[in-house]
Amino acid sequence: MASPIQDNFVKKNAEYASKFTQGDLALPPAKQYLILTCMDARIDPAAAFGIDLGDAHVIRNAGASARDGQRSIIISEQLLGTKEIILVKHTGCGMLTFTNDDAHGLVTKNLGPGAAAEIATLDFLTIRNLEDAVREDVEYLKKSATVPDYVTISGWIYEVETGKVRNVV
1 MASPIQDNFV KKNAEYASKF TQGDLALPPA KQYLILTCMD ARIDPAAAFG
51 IDLGDAHVIR NAGASARDGQ RSIIISEQLL GTKEIILVKH TGCGMLTFTN
101 DDAHGLVTKN LGPGAAAEIA TLDFLTIRNL EDAVREDVEY LKKSATVPDY
151 VTISGWIYEV ETGKVRNVV
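Going by this note's numbering, the first residue of the sequence shown is number 1, and it counts up by one from there.
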């Protein structure tokens, strides 16, 4: 039996598919860039950053972590030809609200010792300072042997309160 979320998912997809006309877009992103941003539900990358279907890859993870997104970044660059990375963290990010110890403790409390053992060495990549985290992730990408020198990298902060972006680096 499908959940109400799944029922809505199927209904909304049928509406979308009934008007869909862009099935012939090429696999590589047409504008050869990728956006790495947070999975936060308050961010609509296509609308906020003017991304049309087929223009760019959008990689999302908790906190817009470059380390967490590295696998997808490599695939985007090496297999699909992207030449620019735009990293976008945001105000009010949940990753600013807890530490690794908090997350490990919560997993242990809620899921038990088996789950705790499974994630014992997992770094949740929490954030202490938003601007510093943007700078650190951009620097990480610039120093990474997996990101060629010809790739342009910039770091931004999206303000969930206003919808505006501001450049950090």
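Careful: at least some of the hints might be erroneous.
Quick list of simulated restraints, FRET-style, between CB atoms [to be verified]:
id : residue 1 : residue 2 : range
1  : Asn13     : Thr91     : 27 to 37 angstroms
2  : Ala117    : Gly163    : 39 to 49 angstroms
3  : Leu106    : Arg166    : 48 to 58 angstroms
4  : Leu25     : Ile74     : 32 to 42 angstroms
5  : Ser18     : Asp52     : 13 to 23 angstroms
FYI, nobody ran anything at the bench for these hints, they're computed from the structure. Source: prediction; values computed, not measured. Note that the Cβ used here is the ideal one computed from N, Cα and C, for glycine as well.
Hint-by-hint comparison with the structure:
no., hint, in the structure
1, Asn13 to Thr91: 27 to 37 angstroms, "31 angstroms, holds"
2, Ala117 to Gly163: 39 to 49 angstroms, "42 angstroms, holds"
3, Leu106 to Arg166: 48 to 58 angstroms, "32 angstroms, violated"
4, Leu25 to Ile74: 32 to 42 angstroms, "22 angstroms, violated"
5, Ser18 to Asp52: 13 to 23 angstroms, "20 angstroms, holds"
Consistency note: the structure conflicts with the earlier hints numbered 3, 4.
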